[in-house]
Structure formats: C-alpha cells, structure tokens
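Participant: The residues making up each chain are set out below.
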Amino acid sequence: MSSRHNIVSRLKRKKIKEVITSGKRMDGRSLEDYREIVVKTGVLEKAEGSAEVLLGNTRVLVGVKIGIGHPFEDTPDKGVLMCNAEFTPIASPNFEPGPPREQSIELARVVDRGLRSAEIVDFSKLSLIPGKQVYLIHVDLYVLNYDGNLIDASALAAIAALKVAKRPVYKVEEGEIKLTKRKQSLKVRKTPVAVTLVKIDDTLLVDPSADEEEVMDARLTVTLDEDENVCAIQKSGSEGFTPDEIKKCIKIALEKAAENRQKL
Amino acid sequence: MSSRHNIVSRLKRKKIKEVITSGKRMDGRSLEDYREIVVKTGVLEKAEGSAEVLLGNTRVLVGVKIGIGHPFEDTPDKGVLMCNAEFTPIASPNFEPGPPREQSIELARVVDRGLRSAEIVDFSKLSLIPGKQVYLIHVDLYVLNYDGNLIDASALAAIAALKVAKRPVYKVEEGEIKLTKRKQSLKVRKTPVAVTLVKIDDTLLVDPSADEEEVMDARLTVTLDEDENVCAIQKSGSEGFTPDEIKKCIKIALEKAAENRQKL
Amino acid sequence: MSSRHNIVSRLKRKKIKEVITSGKRMDGRSLEDYREIVVKTGVLEKAEGSAEVLLGNTRVLVGVKIGIGHPFEDTPDKGVLMCNAEFTPIASPNFEPGPPREQSIELARVVDRGLRSAEIVDFSKLSLIPGKQVYLIHVDLYVLNYDGNLIDASALAAIAALKVAKRPVYKVEEGEIKLTKRKQSLKVRKTPVAVTLVKIDDTLLVDPSADEEEVMDARLTVTLDEDENVCAIQKSGSEGFTPDEIKKCIKIALEKAAENRQKL
Amino acid sequence: MSSRKKKTKFKRYDGRETNELRPIKIESGVLPNADGSAYIEMGRNKILVGVFGPREMHPKRFAKPNMASIRCRYHMAPFSTDPRRSPAPSRRDNEISMVMRYALEPAIFLERYPKSVIDIYAEILEADGGTRTACINAATVALVDAGIPMRDLVASCAAGKMDEKIILDLGDYEDKEGQADVPVAYMPKLGKVTLLQMDGILSTDELEQCISLAIDGCMQIYEIQREALKKKYGLTEEEVEEK
Amino acid sequence: MSSRKKKTKFKRYDGRETNELRPIKIESGVLPNADGSAYIEMGRNKILVGVFGPREMHPKRFAKPNMASIRCRYHMAPFSTDPRRSPAPSRRDNEISMVMRYALEPAIFLERYPKSVIDIYAEILEADGGTRTACINAATVALVDAGIPMRDLVASCAAGKMDEKIILDLGDYEDKEGQADVPVAYMPKLGKVTLLQMDGILSTDELEQCISLAIDGCMQIYEIQREALKKKYGLTEEEVEEK
Amino acid sequence: MSSRKKKTKFKRYDGRETNELRPIKIESGVLPNADGSAYIEMGRNKILVGVFGPREMHPKRFAKPNMASIRCRYHMAPFSTDPRRSPAPSRRDNEISMVMRYALEPAIFLERYPKSVIDIYAEILEADGGTRTACINAATVALVDAGIPMRDLVASCAAGKMDEKIILDLGDYEDKEGQADVPVAYMPKLGKVTLLQMDGILSTDELEQCISLAIDGCMQIYEIQREALKKKYGLTEEEVEEK
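Protein chains in written order, with our numbering: chain P, 13 to 276; chain V, 13 to 276; chain D, 13 to 276; chain Z, -7 to 235; chain L, -7 to 235; chain C, -7 to 235.
Do not rely on the hints blindly, as some may be mistaken.
[Stated by the list, open to error] Heads up, simulated DSSO-like pairs for lysine-lysine below, C-alpha to C-alpha not over 27 Å straight-line: (1) C:K17 x D:K90; (2) P:K178 x P:K275; (3) V:K26 x Z:K222; (4) V:K190 x C:K168; (5) D:K137 x D:K90; (6) L:K56 x Z:K52; (7) C:K17 x Z:K52; (8) C:K56 x L:K52; (9) P:K263 x L:K181; (10) D:K90 x D:K183; (11) C:K17 x C:K168; (12) C:K224 x V:K52; (13) P:K263 x P:K36; (14) L:K56 x P:K202.
Everything labelled a hint here was simulated from the structure, so no lab data went into it.
Given the sequences, and given the hints that come with them, work out the whole structure.
Facilitator: Below, the structure is given as structure tokens:
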C-alpha cells in the first residue's frame, strides 16, 4: 500500500492532523469512539460457520471450514486452528490480486494469536487418532471493503463465526474414520476482542479509518478476553510509544473491548 | 501473444481480410478446407502411448504416461485422466519458456473436456484399491510448431495416442499393489474429434492458420464423437456469434469431424 | 552476479591480468598457492554436524541435519543425502535474497557429486524400512562471505561437518519407527576434497579470489579422494581448455587435494 | 403443445419447472471503494463484482494503443465450496477468467479508452452451480455502475440435460449429476452469443434446444439486470445502451 | 521487598534468576563485504546481521522521495532449528521481518538519505528463544557499524510468565512451555518502545510488570551494545547518538 | 595391441564395441518458426533444438554492451522419461542449461552482436543416457542453421567406465549401472574442451583415457554434424568456420 502514500494529498494530511490534535476527528467522532459496528452471523450456507462485520465502511466476511487432517508435529493430540487473510482486490483500488503480502499475513497472525492464546476451544477434544487425524478448523478472513482497522473488524468476525460454527462429527471405528450425520457446536469458551489504537502527533485514538491509518505514526492492538486478560498485543508503525502511552492504550482497550463484546 | 498484435502489419491484416471476404484464403484453401493432416502414432518408446500430428505447419506431439496414484476425492473408485499442455518455446518466437499461461491452460482443458465427456474409456475399470490407488493417465500435449488451430491438432493427437497406448498391468495382492509384466490396451471406445471455426468480418472458416487467428473476431470449437454427439464446445475471442452462425458452425463441424476422423 | 561485470573497473581488470601473466597475484600469492584455510567443526548445537571454513575472506558454514523420510524411488533400500546451497545476502552486495539461482544450484550439485561418487558413507546401512523409511542427511551449504572459490570451501566444510556428525538412532519395532536416545557417528569412510583452478589469459591458477573469478576465462574443479581417485569434475566459464591444460590441472589438483586434506 | 412444454409433470430436485430460473437478485453500487460494483444471488450463488477503471495500465508496455484492455479475475473464496478450497487460483479459475473476459468485451466501447485498463474482479463468496454465468450477470451491472459505456447488457445463464430432460439454469446438484451443461451469455439487443461452452454429451438437436432455452433465460435475466439498474439510476432502456 | 524480588528461591530451568538475562555477546564489523555487520550470541541464539546501504533503490519507483526506505529480512538457516526447516520464508518470518523494521526505523535519521534504501539482513544460524529480540540488538550495532546516523540505539529483550512467575529473557524451553511471552524493543534515551508483541495470557497488571521488566533488560543490553561499539570505535555516548 | 583394443571380446549391453558410438542422426532446419533448428537421434535420445536470434534482449538492462548474450534452456518433456516427470524445471535441468551454455559460447562470435541475445532451446522428447551431449551436438547444427557465425563446431559425447572397461558414449543403462561418466564437448579445429564433467570414481589415468576416448568420439560426431550441414547447404569446411 506504499502507493497510497501519495494518494491523500498533503493538504488533506495536514487537515486530518489538525483536527485530531484539537481532539476531534474528520468524521465527527471523538477520539475514543468506534464507528458503528454491525455483526451478522450465519451469512453463508456452505461454510460450517460464518459472520460478516461492518465497521463503518470496513467490511470483513469470515468463513469457518472444518474438516480433518494431520495435527501439528508438536501437538499430535490436538485439533488445529488456522487463520488465513485475503485482501480481495474489490476492497480497495490499492489492493492487487495475488498471494498474501506483509499486511495480510500480519492480519491473519494477529487474529490467530488472539484466538489461540485465549484457548477459545478445547483443542484436546478435537483429536480423532492422536498423531494422525484431528479436526482442522480453517478461519478465512476475507476483506471485502477497506476503510481502516481491519484487525478489530476481522477479530470480531472471526469469533462471531466460530461461535455459531457447527462441526461435522466424525467417529473412529476400527482405526477407520467415518463421517456421521451429526453436527456439533465448537463449544467456544472465550470471546477475545481486539482493540486498535493509533498515535498521530502524540494523540491516541481508537478505531482508525483508512485516512487516519495513512497518517498515523504508530499503531497498537490489544486483544482481551471477557476476564480482562490480555491475550495478544501487536505494535506496528514507524514510531515508538512511551511506556505511559502504552498503559493508557491498555486502559482504553479494556473499556472498548467490553463495549464491543456486547455487539456479539 | 499480445505482442503478436503488432507483428502482422496493418497491410497484411487488410489483405487477409479482403481475401477471406471474397471467399478464399491466403494459402489457396476454400473456407471449409482443412490443411493437410498427417497422424503418426507410436513415435516414442518410453511413453505408454504417443502420436504426432502435423496440421499444415502446426505440429503437436502427445505422450501418454500411465502410472498409479490417488483418485479424485469425488470419484474414489475411478481411474484418473489428466491433460496438460505445453507451448514449447521452439514452437514460435512469441512463446516464452515458463509455467502455463491462459492459452495453454485453455488448450489442455478443452481437449480434456472432449475426452472426458465422450467417456473414451471405462474409468471404473481403472481402479485398483477404491479410494486409495487407481490408474493415472497423463496426456501431455506438447506443441512443437505453432501455425494456428492447436486445439484440433492436439485433440487428434491425444485420441490417436490414447488409442495405441498400452498400460502396464498392476495387481492387488493382500492389499499390496504389484506391477506385472503384462501390458494392456486402454480399450478406447469413442473417438472425439474437435473442429474449430473462426469468424472474420462475418465470414466463417475452418482450421485457422496463425495469421487468421491473429485477425479473427471470434472462435468456436465443437468436439463430436462418431455417433454425431457433441461432447465439448468452447467459444473464444472478443466478438459474439449470432444463433444462426452457431447452427452453421455445428453443421460444418459435424461434417468435418467425420472427415478428420478418417485420418486416424 | 552479472552486475559485477561492471564493478571491477577496466583498469583493475587490466592490472589483475598483467600481474597474473607475470606469474604472480594481486595478493602476493604464487599461482599454485591457496589462501589460508581455517576449519572449525562442531560450531552449532542444534545441527547433527557442523563446520565452518574460512578460505581467506571466503566463509562457508555447513550444517548437517539428519532425520528420517522416504527413500528415492530408484534406491528404495538406501539412505538419502541431499546438498542445498544458499548464497545469503550478507555474503556480498551482489547477492540477493530469494530462491537459489544458477550458481548456488551448481555449487550444491558439484559438492553433492563429490560426496556421492566417493560413497562417503555406506548408504545401504541407513535404511530403516526399505522402500518406506530411511535416514535423510541434509547438508546445507551456507555462504556467509564471498571472496571466490566457494566450491573448495564448501566441499571442505561439508566433509568436515559430516565427519563430526552424530545421527540420532531410530529403531523399528513391529513396523513402527521409534527414536532412541542413542547417537551414532555417520562412519564417513572417504574424504573427497575439491580443487578449483581458473584460466586467465592461458595462465592456470588455483583458489581464485572474487576478483580473479570475475576476470577468468574458464574454471575447472577436480574433486579427489585420499586414494587419488577423481570423484567429480566440473568445467565452467565461457572458454575452453586444451587437453594438455586439463592434464596439468589434474596434476595440480592431486597435489593440492592432499595438502588441503591435512587441514581437516 | 406449447402448454405441455411449459407445464410438464417432471419436477426438478428443487421443485422448479424445466424452463424455470432459480431465484435471482442483483444489486448495484454495493462496494464503496470500487468504481462500479454489483452483488448477485442466483440460486445459492453469492457473488460480489468490483470494477476499477478505466485507469492507467501498469506496466505501460502491456497497454493497447487504440483501445482499453479488459482484465478479468474469477476468484473463489476458500469457504465458498465444500470441502474448503485453496486460495491459490486453479487452472479452472484461469480458464473461467478468460471466457468471462471474452463474454464481456463485445459489449464494451473499448475504443473510447485507448491505453487504459478496466479491471473486473469477481469474488465468489458462495458457489452453487453456474458461477460463471452469475459472475457475467453481475459484472455487466457493475460495468454500467462504473459508468463505462456499453453497447448492450450481457445476460448469462446455462441450460443442460438431466434425466433426459432439457432444463434451464442448472443448480449444483444438476451440474454434477446431469448429462450436459451449456453455459451461454447473450446480448439481447445485438443478438449475439458471447459465451458458449459445453460439457457432457448432447445430440446436435439437443444442443440447439439448450442454446435456445438458455437464450430465453438470458432474456429474463436481462430484465432483472435492467430493473437493478433502474432501481438505482432510473435509467431508461436507451440510456443504458448509450450511456 | 526489592531484595526478595531479586533473590527469589525460584530457579529457572537453566538456573537463572527471574530477572536475569541469558549470557550475551555482541561483536561488530564481522562481515568483510557488508557496509556494517554484527554477530550476536544471546543464550544459544547465534545470529549474523549485515547492513548494506544507504544505496540506490531498485526498482526506482519504490524509492521514497524524501527519506530512506528500510528493508528487513529475518531468515533462519535450515539447520538453525530442530527439526530442519525449509529454506523458503514462512509467514512467521515475514511478520518478524516487518516488526523488526518497525522496531528499528524510529532510531534512524531516514530523512538524511532520500530515495535510497538500507537493507538489513539477519541470518539466524542457531535459534534459541527470542530470535527477534537478538536480531534487533545485532541490527542496531550493525547499523552503527555501517556509519548510519542514529537517534538512539534500540535494545531488545522479552519478558514473560512461566509457572506463575514473571521472568526476563525467555529461552527456548520457556518460550514453548511458558504462559506468556512479551518481546519489547526500547530506545533508552528517547524513552520509546518500538517493538511490543504479546502471546499467551496475562492480566493487565502482569502485562505492565512484563513490559517494565523487559525495559530493565533492554537497559542492560544497551550497555552491552555500547561496549561492543566502544571496543571497536572507542565511541563515547554522545558520539553514538550524534554520529 | 591397438587391434586388441579395438576388437575386444567384451560386449556391451547393446552389442557395441567399447569405442563405438550409438547410432546417430542429425537433421537441420526442421522447425519452421525458429531461426535455426536441428533434430538429433543419438541412441534412443530424441531431441529438438530451436535457435532464436540474434534478437533484442528484454529487459534491456540484462544486455551486454559489447557482445551477444546466450541463453540456454534444457527442458525434458514430461513423457521423455520413465516414470513421467513434472514439467517444472529441476535443479539438474538448471545446471545442464548452464553447462550447455558454457560448452557453446566459446564457438560463437559473440562480439559481432552487441546488446543482443541468442536463445537456444533444447526440448528432450525422449531421453536415453547422454542427453546433454546430444543437445550440444544438435544446438551446434541449429546455430549454424540460424546463420550465426561460428569459430568452430562443438561436438560432444561422453566416455566412462563400466565393468572395469573404459567405454564410449554411454546409454541409459550404462549411465545408471556404470562406474563413471565423463561428458565432454570439443571444438576439433580449435583443440579446446568446452564441456567436462565427471560423476563416479576413476583413477587419474582412467580419467585421462576417458577424456581421450571421448575426444575421439567427438571427432566422429563432428563429421556427422558436417554431413548434416552439407546435406542442407553444401557447405565446405571453410564455409562452416567462416560463415
């Protein structure tokens, strides 16, 4: 997205910064306001679980597909969860078709860490033949429109899709795996929610729009579960945060995560 | 091959179109004449089946290799046939070495559809251990010289190579697969033949040369078996056909397919 | 490395050639002198074997990793040795990150041929379940600084690393493979050593520096074992050698291989 | 006889008549960042198409001196099928991208935008049978939504054969279990077929019946496309053509 | 209490105190062909970093008109881990390359070299826990060795939680078996955190303790970096900053 | 003794004498679209070589300012071997492409075509042992067929060792089962070896015997190449060199 650097004009950059420094934002929000969040679940029929999140104009669709396959070598008796993100070329004139780039890799990995650290499901119950066959949960993050803050929207859509997902039930009979006709919930036991803040000229603000992301100095995402535990952090961007700024971010994140969790 | 767009000069394009509109062709053929077709079979020793087709200056070599491997998931008890096409860089100054492009993918898929739809062999007899091991038939289309109409030449070479192919015979003994010394025909039961027409300024002509393909408006390939059944169709090119033109193409194809089948 | 062609200035090229034609070299060596060779083994803990070779400023690290996996189809009851070379981007301003190019492929393959032809280990003793599971020996050649003659340095580091390598011992129990706690030497029985000469304006010299490689006309590598048997040869470069020059190269290589073998 | 043809006793797996389309819904202007866009549901297909351009072609040497280039990308979301499919484009995807382009190009006044490129990206979110025809239907609406001048709309649907019957607009099950599938794209005002493929076995008579039935289906879809555009723009027929 | 904190009875798997760094060794100027370089051993991590540039960016259109670009590559040798890993870069490698870049950029006077690029290549020869922090430590020294003007040094180490204890600078085993890992990079003079990630579960209090402990570790590493540079250049503190 | 050497009792698997070439057939000008081409059968090897150029190099920055570049591609058809091989180029193919280029370059007046490129594409349709030598033989004839001025022809064949005998021009079986293989390319008039590789184990004496025997083989092939060119062009020896 380096080409975007030239897209927002110098004047616009200046304007965005001025407004923010005065404690407001271009779209009228206060610094700690999220845009409107809409969560729809069960929007797809072929996926085992699905959810779409609208965060202002940012739109992310998540499909959860559940099948069986090999476990990871270091956890032979546990099911596997994998996140993958695609920035579809319809989402922005600056996205190009092709294999995942740096930013979509980061998106997938940050969402993945949140889900994994929170131990959202009991993976030890998702093994069929230890070391050989376990349940595989694919969580595909599909960005349909980009207007900033993809992490928060994607993390919300991911947990929403997992909560409604029904996995096919396989059984093991004499060493052979057979698909039954039953479906079963994934029994999601935690709800991690990501809160992203950016810093622009020493001002902290939540839920950055695309324009704000473009002029930001640094970004911090804090993912929290409902017990107020932090389960993932990611700092990004070409500036640093003071330790006090980080504390402030965590405090805001704690509050916003609780608020946004209500949308599920 | 977009660079070819500049290679045939404007004058030449004009000339080709003029001649065709008058009902003749640059090489003296009538609109419904094929160039000379030569089919040679058994031209390779290591391939289980092979054939070379010369269609004027177009030259395609097909090698059939037969081994064993996994069936497709949706047809666990059937053998597998796979077509692959390579436009070798010796075939034209405009072909480049590298992975298959749009046109070679289309070539392979159109030939493949003809063979598959015609059910040229009884794939249910090519299973060894259902769901696990079946016969794999690789049909490799190797373009050695390009002078237009690769589909018809390749389809002809493919069916010729399959007809003479001898597969190694494997047997299953106590769950283990063993190679025997026997060879056996594939028992090809149908002979699909592709006929390609192009439209240039509302004139339809069969078997286009490279120059004619370059100036064509649209292309239609109709593949027929010996019972006059259509087993594949592919329209290509940046113009459309009227329904009447399509009917006319099918009629011509029916006649030409029967004629060309005689060359086998 | 084609861009290097412009890096050494015309004047420098002329100077290098002049000095060499007079029987000396820019760094003061005689034509048949190697630069100082330092061999360190056991430099890594996680690799099953390792060695680092300094040849003047050329620096190569070799790690040997030993695991289990499938044998090659044509040697189902033998262990497998595989060489891979990486020109890391820290080794030269002209090396770029990315998949292996022509030169690193050649490096790996020439070192590999020397080890394989010399039958440095008894691969038939490295089979566990014939046709299914055998020991895999990965020899990774990692170029850390480039100053010419990568083949000799890498071949030396490879055999040094293999000599000190300890393989994990697996045992087969009722068709299942189990890792034991024992480690065992690879029992290397031969010590192939590569000697590289280049020809510059009809002068032959050993152990070329980066500058000398840049101005060389042709290159010849001769790999010999301790019984004075040749186990690999590779000619490279855009000129030829007369049969007499080749004889001379072999004679020099015989002598230098014996000398360099002392460094192990 | 025409009444028997229309009111056959034969029922399709989803209860449709042989000549009945699946439920279809098209909406335009659904993507804020695209120059034009459309969303289609055709049976259980759920597809978003975004159009970008006409814009500068990069790298420039691929630009055509006297006309716009069209690039098409047919892409299936990993969760659009059962089982999950790899996000990497398959050979099938490449071929469909190409035939989509050939289906749409004849309808666009390409010569009005020399050296530029129009990108058409179709994202299949859920796949029922006939994704390529649904993509063409949505892409046409997205092109108009992008303000790109069109000679005609391109409407597309398939006909085929199942249980010895000629049927319109095959669903997933009919696609897999049927005897033949003939996807067609048609420009109603210009009377031209711009997509025609066939898979399976048909006599030449049956093939002609299929093409004819598919063109009937295209005529119905054409009206739905026009409705979708009217809803948004209130365009008259003439305006669509000449815009 | 502060003495109890420092002299706890709890012993880590390698005998360290909770707030004790692994043995660390940094050497600069180790690669003849690089413009700057450093070798670090941090625990069992063995890492070489080479810096090239500022040099011309190719292709030119990727160059930034008013500042230098930084490219970072975190790369693990196939033999650096157990079992062997493929030489192809993984998604993890891509992410780490990115966060390394973000950790280092704030310390470099990028605006002094418009249109140019500085390449930072980290080769992990042997991997213990905390490779990314070790890479940042070595890269900083390599940047100074390359004569690139720096606002501050970037020192990096992780803190985390294992067996309910907050611990400093996690080794491989603690990385895998621990409850949380918080890698931090810090610029001591500017007082800025330039890398912060977290994996695992921590209360917000514990998280703040981890960050604070990691910053303490960074302060120690900063001294070691300065020693490594002094050894070679005899630089004073001011010179490092202003060079 | 020389008669014993030539008429040994030892018979090779295909009945040849130790110093006997496999049947060989070269035809030039076989590809209508190439600037030069040749077809060779050497034993069961069946190979087509096409030469394109001298032509403009793309991208231009790879062109050499004062000479032509040579690009070689050694490529095996998927059906050329048993079992089928993947169409993607292997590391072996890459290496052979490179040594082929080095074998041919010394024979070409590269300096006559600055900034241009000559592409040499070898397609192995069927592979017996010694494909690289057969490719070089055909490529030489194809280069002359393309009208490219040559200093000399490059003739190529291997010698090796099997069952303790030094043998010429190894077939597939001898390649696999033999003790050593020494492919050689030779320019007879210039007296230069332009390809030399070795695989297996040989004493230095045996190696020299192999090289010497392979050069004898090259001399015979050289005559066959000249015949192939005479047949087409009626070239005299001088013309070949000076053309």
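Participant: Do the alpha carbons of K56 (chain L) and K52 (chain Z) lie within 27 Å of each other, as the hint requires?
Facilitator: Judged against 27 Å, a Cα distance of about 21 Å means the pair holds.
Participant: Would the pair K90 (chain D) and K183 (chain D) pass a check requiring their Cα atoms to be no farther apart than 27 Å?
Facilitator: 16 Å, holds
Participant: CA of K26 (chain V) to CA of K222 (chain Z), is that 27 Å or under?
Facilitator: 42 Å, violated
Participant: Straight-line Cα separation of K224 (chain C) and K52 (chain V) no greater than 27 Å?
Facilitator: Since the Cα atoms of K224 (chain C) and K52 (chain V) sit roughly 25 Å apart, the hinted pair holds (cutoff 27 Å).
Participant: For the pair we were handed, K263 (chain P) and K181 (chain L), check the Cα-Cα distance against 27 Å.
Facilitator: Holds: K263 (chain P) and K181 (chain L) sit about 26 Å apart, inside 27 Å.
Participant: Take a quick look at whether K17 (chain C) and K52 (chain Z) sit within 27 Å of each other, Cα to Cα.
Facilitator: With Cα atoms ~47 Å apart, K17 (chain C) and K52 (chain Z) exceed 27 Å; violated.
Participant: Sort out whether K168 (chain C) lies within 27 Å of K190 (chain V), counting only the CA atoms.
Facilitator: 24 Å, holds
Participant: For K56 (chain C) and K52 (chain L), compute the direct alpha-carbon distance and say whether it is at most 27 Å.
Facilitator: The hint holds at about 21 Å.
Participant: Taking only the CA atoms, is the gap from K17 (chain C) to K168 (chain C) under or equal to 27 Å?
Facilitator: Within the cut-off at roughly 24 Å; holds.
Participant: So if I understand the rule, the pair passes when the alpha-carbon distance is 27 Å or less; does K178 (chain P) with K275 (chain P) pass?
Facilitator: Holds: K178 (chain P) and K275 (chain P) sit about 21 Å apart, inside 27 Å.
Participant: Given the hinted pair K137 (chain D) and K90 (chain D), is their alpha-carbon gap at most 27 Å?
Facilitator: Satisfied, since the Cα-Cα distance of roughly 7 Å is no more than 27 Å.
Participant: For K263 (chain P) and K36 (chain P), compute the direct alpha-carbon distance and say whether it is at most 27 Å.
Facilitator: Between K263 (chain P) and K36 (chain P) the Cα gap is close to 20 Å, so the pair holds against 27 Å.
Violated hints, listed in ascending order, are 1, 3, 7 and 14; each of the other numbered hints is respected by the structure.
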